Amino acid sequence: MLRALDLRKDFGGLTVLHPLSVDFHAGEVHALMGENGAGKSTLMKVLAGLYQPDAGQVQWRGEIVSFGSPHDALTAGIAMIHQELMPIPDLTVAENITLGVEPAGPLGFINRKQQRQRALELLHELEADINPDRLMRTLTVAQTQIVEIAKALGRHADVVLMDEPTAALSDHEIAALFRAINRLKNRGVAIVYTTHKMNEVFQLADRISILRDGRLIATAPAKELNPQKLISLMVGRELADIFPPRSEPGREPVLEVSGLTREPAYRDINLTLHRGEILALAGLMGAGRTEIASALYGLTPATSGSISVHGKKVTLDSPDTAIAHGIGMVTEDRKGLGIIPALSLRENISLAALPLFARGPLVRHTEETNAARHQIQTFAIKASSPEQPIQQLSGGNQQKALLARCLLNEPEIIILDEPTRGIDIGAKSEIYAVIQKLASQGKAILLISSELPEVLALSHRIVVLRQGKTIATLEASSSDQESLLKLAMPL
Amino acid sequence: MPSLDRNLLHRFGILIVILLIGLGLSLTTDTFLSLSNLTNVARQVSINGILAIGVTFVLLTAGVDLSLGAVVALSGVACATFAHPGEHNVTLPIFIGLATGAACGLTNGILVTKGGVAPFIVTLGMMTVARGLALIASGGRPVADMSPSLTNLAGDIFGIPIPLLCFAGVALLAWIFLRDFRLGRYIYAVGGNENAARAAGISVTKVKLFAYTTCGILTGLAGVVLAARTTTGQPNAGIAYELDAIAAVVIGGTSLAGGVGTVTGTILGVLLIGEINNGLDLLSVSSYYQAVIKGVIIVGAVWLDRRQSRS
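Sequence order for the protein chains is R and Y. Take the first sequence: its letter number 358 is residue 358 in this note's numbering, and every next letter is one higher. Take the second sequence: its letter number 272 is residue 272 in this note's numbering, and every next letter is one higher.
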C-alpha cells in the first residue's frame, strides 16, 4: 500500500538514510527496529511528509507521490504520532484531538457538542478516562501521549506511523493501546511502529524491518525472528552482556540528605550517597523521583530539610550553585531542559563547562573544540562534525551529548534522571558502561529509572519511594522486581 | 573556524539585494554614488545602526525593546541639558546621555527578569514613560544652545563622519563580544532554550539584565549622536525608530524567537534599510509612497531570506 523506493536522506553532509526500499501492507503491523540514529524516525518523517527525501521516491497506492508537508500526507491518509509530543497546551483535550478537522456547524462555527462527542468516542476506543474539557497542559506525559494517539485515530488514516508511542505509558495504558492497534489492523489500516521494548515487538508486529546506521539490514516476518537474533541484527554484533559488572562502593559519604520536603511532591526524604556508589531512586511515576532530583540540582529547591556535600551543609538554590558544589545532572526532559536546539553540538557540549575553556570572559575556541571532539569520540556520538546543529541528531545522540556536557565539569556527584529513556539497547549498554566506569572512578551516582531490570542490575542500593515518601532502602543484590514493585505500589 | 559567523552564507542573499539596488540607483540617478551622498547615507544609517546592534542583543534573548525611539529622545534631552556652552566638560553630557539610556535599559531588564512581565509590555510601558519624561524635562520645547564641542561630534574626522565611526566601533565590539565572550555564548543559549540554559548553570537573570542594559547604553549613545547632529535635544525625536531598528535586525536573519542571529546580518539589514530610504529620496518618491514601498521591501526581504535559509 505504501512503499519506499531507494529513499535517501542527508543531513548536513551526513547520510542518515542510505537508499532503502521497504513495503508496508494494509492490515499489518510493521515494526522498525534499530539503535538510535539507525534512521527509523527519519524514515517515518520522510513517509509522513515532514522531511523531503534527497533521492528515491514514495509510492502510495501504486502512484508516485511527493508530500511537501505533513498536511499533504495527512490528506492522503498518512498520520504520524511523534516521539516528541506536539500538543497545544492551552487548548482542551477535545480541541487538540479534533485540531484541523473540527466538526463545523452552520456558518462555519465549531460544533462544540459534536467536537466533545467525537473526542470522547476516540478516547473511549483507547479505553482512556480523560475528561475532554481539560486543558492539555494539565495532563501527564502519558495522558498527553494517549491524546496524541486519539488525534491520529480521528483522522481515519489508512497508515498510522507511531514513533515510540509507549515510551511514557504504563503497562495498563500500553495494553489498551495494543487493543486499539489490533482493532485498526483488523480494519485494514497499515501500522508502522518503532519501539525499544523487545516484548512489545513480538507481541504486536507482523513483520519487522531492522535498520542499522541508516541501512536496511533485513525485513522478515516476526515469526522468523527471536529477541537474540533481533538484537544481534540491530547492533551488528552479539551482546555478550548488557550490564557490566559493578565495582565495590566506598564508605565515605559524599551527599547526605535529611528531612527534605516540598509539599505536595515529597516529604521527609533521607538518603546518603557514598563515594563510588550507585544509588537508585525507584518508584512509580508521580512518586517524587524527578522532583527530588530537581531539588538536589537546585532547579526547584526544597522548602525544608538539609543537604550536605562532603559533610558540609549547602544551600542549592540554582543549578549554578549545584555545579559549583560538584553536582551534575542529566535531565529526563531532553527537549525542555536539555538541548539548545539552534546551537551546534560543540556549543551544547561545552555549555555548562565554558569557564574551563575561557581566559577570563573570553572563550578559547581551540580548547573548546578539542574538548568537544574528545567528548564526541568518548561517547561515540554520531554527527557529521562538531558544528552540526544538535537538533539534527537523533534522540540517543542528543542524550549522549547531554551526558558529555554534564561530565565535562567532572562532577563528584552525578544525578541521572532516566538516562536511557527512549534509546536503544546498543546505546543503553554504552551508557551503562559509562555509569559503571564513573562509579569505579569514585563518583557518586544517583540513578533514577523506571526500568526495574536496569535499577537492579546497575545500582548498589535502592531507595524506594511511594507518593513522595521514602518507603525502604534495599540492597540491590538481595532484591527482585516483584518485591520492588510491591513496595512502590500505593496500598 | 568555529562560529566565526553562524550563517554567513545565508547573508549573501541580502548582500546581493543591496548591490542590485545600489546598481539600479547608480544607473537611474547621477547622485547616488557621489561622495557627498554616500557620506550622507553613512550619517543617516549610523543612528539606526547603533540602535539595531543594541536591540540585536535583546532579540537574541527572545526579548524585544519597543522603547528605543523614546529613550533616544530622553537621552538626547538629558545630554543637551548638560551641554550648554561653558558649563561642563564635553564628557559629562555624553556620560549623562549614556547613563540615561543605561538606566532605562536596566529598568526594562529588571521588570522582565525579576518582575516576570512580558518584554513587549515592559518596553511598551517604557516607551510612553520615557517619552513623557523627555517632555517633562524639556518643558515640551527643544533643548537648544548646545556647546560646539558636543555638536562637533556629528562632524567628520579625516573626512569620515564621526557617527559612522561610532556605529563601526559598536558593531566591531558587538561582533567580537558575541563570538568570543562567554556571556556572548550565554545570550544565544538563553534565547535558544531558557530552561536548558538555566539547567546548564547559566544565570538567565544576569544574561538578560546585561542584554537590556547594553541595548539601553547603545540607545543612549544614539540619543547623544542625534542631539549632536540636530544641535538640540528634541523631546519629540526618534518616533518609530524602534521599528526601523528591529526591521534591520530581522532582515539580517535574527530570529524573533531568539537564539539565532548575527551582528554581520544586522549590519547588512541596516545598510539595506538606509539604501532604500536614500534611494526613495533621490528618486523623489512622495513620502506617502515611501512608507508603503519600504514596508513591502522589508517583508519581502525577510521572506526571501527565510526561503533561502530553509532550502
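Hint data in this document are derived by calculation from the structure and do not stem from the laboratory. Because the structure is a prediction, the values reported are computed rather than measured. Don't take every hint at face value.
Covered stretches of chain R (in silico footprint by chain Y; criterion: 3 or more residues with CB under 8 Å from a CB of chain Y, positions within the stretch not fixed) [claimed, not checked]: (1) 190-197; (2) 218-232; (3) 477-486.
Below, a list of computed lysine to aspartate or glutamate pairs in the DMTMM-like style, where the Cα atoms sit at most 25 Å apart [what the hints assert, rightly or not]: (4) R:185 with R:63; (5) R:197 with R:451; (6) R:312 with R:333; (7) R:313 with R:333; (8) R:469 with R:248; (9) Y:206 with R:102; (10) R:185 with R:367; (11) R:229 with R:248; (12) R:437 with R:256; (13) R:113 with R:102; (14) R:382 with R:320; (15) Y:114 with R:320; (16) Y:206 with R:430; (17) R:313 with R:268; (18) Y:114 with R:482; (19) Y:114 with Y:30; (20) Y:114 with R:291; (21) R:335 with Y:145.
Cβ coordinates follow ideal geometry from the N, Cα and C atoms, glycine included.
task: Hint by hint, work out which the structure violates, then give me just those numbers in ascending order.
output: 1, 2, 3, 6, 7, 8, 9, 10, 11, 14, 16, 18, 19, 21
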